[in-house]
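From just these sequences and the hints, can you work out the full model?
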Amino acid sequence: MRVVLAEDLHLLREGLVALLRAHGFEVVAAVESGPELLAALIGERPDVAVVDVRLPPTFTDEGLQAVLAARRQVPGLPVLVLSQHVEQLYARELLADGSGGVGYLLKDRVFNAEQFVDAVRRVAAGGTAMDPEVIARLLASNARNEPLGRLTPREREVLELMAEGRSNAAIAQRLYLSDSAVGKHTASIFAKLGLAPSDDDNRRVLAVLAFLNSK
Amino acid sequence: MTSVRSTLTALARGAALAGLALLGLAVGLVMLAAVLLTFLVGLVIVFPPAVRLARAVTRRQRELAARWSGVRIDDPYRPAPPPPVPQADGWYRDGRTLYRKPTIPAFNKRWNWMVKDPATWRDFAFLLSAPLAGGFMAAAPLLVAAYGVAWAAGGDPAMGVALILLAAISAPWYAPWAVRVHGRAAAALLGPTEKARLAQRISHLDAARTEVADAQAAELRRIERDLHDGAQARLVAIGMTIGAAEQLLESDPQAARALLGKAREASATALQEIRRLVRGIHPPVLAERGLGDAVRALALDSPLRTHVTVDLPERASAPLESAAYFAISELLANAARHGDATEAWVDVSAQGSALRVTVTDDGHGGADPERGTGLRGIERRLGAFDGVLAVSSPVGGPTTAVIELPRAFRTKPVPMSRWRYFGRLCWALWPIALFPQGLVAMGFKLAGSPVKSWFLGLHVPEPFQWPVIVGMIALGGGLLAVALAATVRSGQTEGGACG
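Those protein sequences? They're chains A and B, same order as listed.
First residue of the first sequence? That's 539 in my numbering, and the numbers climb one at a time after it.
First residue of the second sequence? That's 174 in my numbering, and the numbers climb one at a time after it.
Note that these hints are calculated values from the structure, not bench results.
Since the structure is predicted, the reported quantities are computational estimates derived from the model, not experimental observations.
Take these hints with a grain of salt, some might be off.
Pairwise CB distance ranges, derived in the manner of DEER restraints [said to hold, decoys possible]:
hint, chain 1, residue 1, chain 2, residue 2, range
1, A, Gly664, B, Val483, 29 to 39 Å
2, B, Leu450, A, Pro573, 41 to 51 Å
3, A, Arg694, B, Val483, 27 to 37 Å
4, B, Ala563, A, Gly581, 48 to 58 Å
5, A, Asn650, B, Ala406, 39 to 49 Å
6, B, Leu485, A, Gly721, 41 to 51 Å
7, A, Pro573, B, Asp248, 55 to 65 Å
8, B, Ala388, A, Arg694, 34 to 44 Å
9, A, Asn650, B, Ala391, 32 to 42 Å
Just so you have them, the derived chain A footprint on chain B, three or more residues with Cβ under 8 Å [as the list claims (entries may be wrong)]:
hint, stretch
10, 434 to 446
11, 464 to 473
12, 491 to 497
Which stretches of chain A does chain B cover? Using the computed rule of at least three CB atoms under 8 Å from a CB of chain B, they are [as the list claims (entries may be wrong)]:
hint, stretch
13, 617 to 626
14, 676 to 685
Just so you know, even glycine gets a beta-carbon here, dropped at the ideal spot from N, CA and C.
Structure, rendered in structure tokens:
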């Protein structure tokens, strides 16, 4: 799998390259600034890109802007965005085109190599990987949302994991439930939120995120 | 009808101003007596009450100037001295003397404050000159009419009627004008001098600076404590855990692995703490995207349904953006916490060079800036930038808070307008046209004087002499009119730029 990597801190960049190579990825470009990143994304057309939000030369949201620009030219180009802080605003901008293949994680998630690589693979396959903190803040700002209040605590846990972009199997493993139990919970959640059920994991995630974003 | 009523109102106001001027004169005389007693006899005790009396009258004058003449006159007085503070031993020091009770030091402070304030003496001057400076002028139509009645009673009805008629005819335009001019004349003596204005400004800035310095020191102290107790302590723990894992690596790899896992968790917690701290110092979205998007991000995180409109020409300076951001954040949090609101509206816009933010919510209202420490904190933060917070929160809602931060954006410097150059030129030229070339030449012409001097009207051939002279008079008058108009106009544009 071909990866483009953008990260301005030398140490972290080398660490990420080593990590990805160890898990069988081919890093075709490791860049350190916004303009270089946009050129690499358009030129290399990688299977997935791992991008830091804050990059030179302006050290603002250079990386995010480059990713958004690239996705306008190549719809659905899979990108996993990393940041020291997460904002609902940025998550919305990434999800806005509704074509999937988007990840948005805190940089600390790199600490857990297994989960991080899993997220990269999920995004590359056109799925979604939202940071638990983004989902927590989404839910906190939806605290007064009527239908959400009707979920049971277990359904809420399932909803959180689903919104992060995990499949039923992954949720089942995480919560020590059977696949069929998770299936029952998700059906109940969709009924309570008034969403059309869908078997497609990715469409399901986007529906949930759209619901949470519709505040 | 309305013009008759407004004339009568103006006449009544003129009479009231004249009455107040006479009262002021009486108070001025009382103050004169107090001054003489104080400085000749040494009866210092009578001075403060006399000054207070004088200030009561001049305060009334200022109010009337604002209400009737539309002239705002700010208080010119220096800020009152703080009450004396006892020393550690309970005695009060005043100069080189110690007092058991605060009465005498307090009196001395007040006395010095009054005597050394030029505004006291300007008030005094105003009171003594008030009847002449404006009182009689404002009441002139009534006085002329009264004079006419006196003539009529004295046996000259024709003269009396003529005077009363003069008063009646001139009153409709004279009386309102006189009331307006009275206000402006009063402003000259009752308003603050440039020096007093600066003194007031400096004392305000001084207070603001102290508050900012204190707040900043407290903020740094808080950050230091948070780092010390949080991230720093955690990093020490991580270091120790890794050290322990290193030692166990050979003998008990299983335990070493568990320790390393713990170290990783601790590093994640440390990061989380630093992230929270950074958000409190300077939110990353604000640095990355500016105020507009930072407010949008705030709105998304708020449990309220928040609608944001932003209309800004450019990014304001970073400290200002930060002050506005934290104020909005606090206001939204207040609305969610205390006001039981479900919906909020945030409007961020530029008003000239000022930044204006309006935050409205549909909560139950009743917020009071005097009691809420949150609102007080916002005011203090904004005060450093001369910003102000106005809160309207009737019980039952809705609550509207308006923040205004002046000089947030660069405005194009206003060049000296063409009108003003033109006005100055006209001011310089109109007397030459009107007087020597116009009226004086006309006088020479009427008297048939042989002297022609430099009067153009007398040098041209006979048939053109009168037209040139009349033309010069008309030109002079015209130039004067244009000069006045230009001055008024440039005054307006400048006023517009300032406000």
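### Task
Hint says 32 to 42 Å; check whether the CB-CB distance for Asn650/A and Ala391/B agrees.
38 Å, holds
### Task
With 39 to 49 Å as the target window, see if Asn650/A and Ala406/B comply at their CB atoms.
Given range 39 to 49 Å: violated, Cβ gap about 23 Å.
### Verdict for Leu450/B, Pro573/A (Cβ pair) under range 41 to 51 Å
Roughly 32 Å apart at Cβ, these two residues miss the hinted range, so it is violated.
### Query
Do Ala388/B and Arg694/A keep their Cβ atoms within the hinted range of 34 to 44 Å?
40 Å, holds
### Task
Look at the Cβ atoms of Gly664/A and Val483/B and judge whether their distance stays inside 29 to 39 Å.
34 Å, holds
### Task
Establish whether the coverage given for the stretch 434 to 446 of chain B by chain A is satisfied; the threshold is a Cβ-Cβ distance below 8 Å, and no fewer than three residues must meet it.
Satisfied; 5 residues make the cut.
### Task
Given the hint of 27 to 37 Å, check if Arg694/A and Val483/B actually sit that far apart at their C-beta atoms.
This hint holds: roughly 34 Å between Cβ atoms.
### Query
Using the C-beta atoms of Leu485/B and Gly721/A, is the stated range 41 to 51 Å upheld?
49 Å, holds
### Task
Confirm or reject the coverage of the stretch 676 to 685 of chain A by chain B under the rule of 3 or more residues with a beta carbon closer than 8 Å to the chain's beta carbons.
holds (count 5)
### Message
Please verify the coverage claim for the stretch 491 to 497 of chain B: does it have three or more residues whose C-beta sits within 8 Å of some C-beta in chain A?
### Response
violated (count 0)
### chain B covers the stretch 617 to 626 of chain A, three or more CB atoms within 8 Å, holds or violated
Our answer is that it holds, as 4 residues pass the Cβ test (under 8 Å) against chain B, meeting three.
### Message
Using C-beta distances, would you say chain A covers the stretch 464 to 473 of chain B, given that this needs three or more residues below 8 Å?
### Response
With 4 residues close enough to chain A, the hint holds.
Checked against the numbered hints listed earlier, the structure breaks hints 2, 5, 12; every other hint is satisfied.
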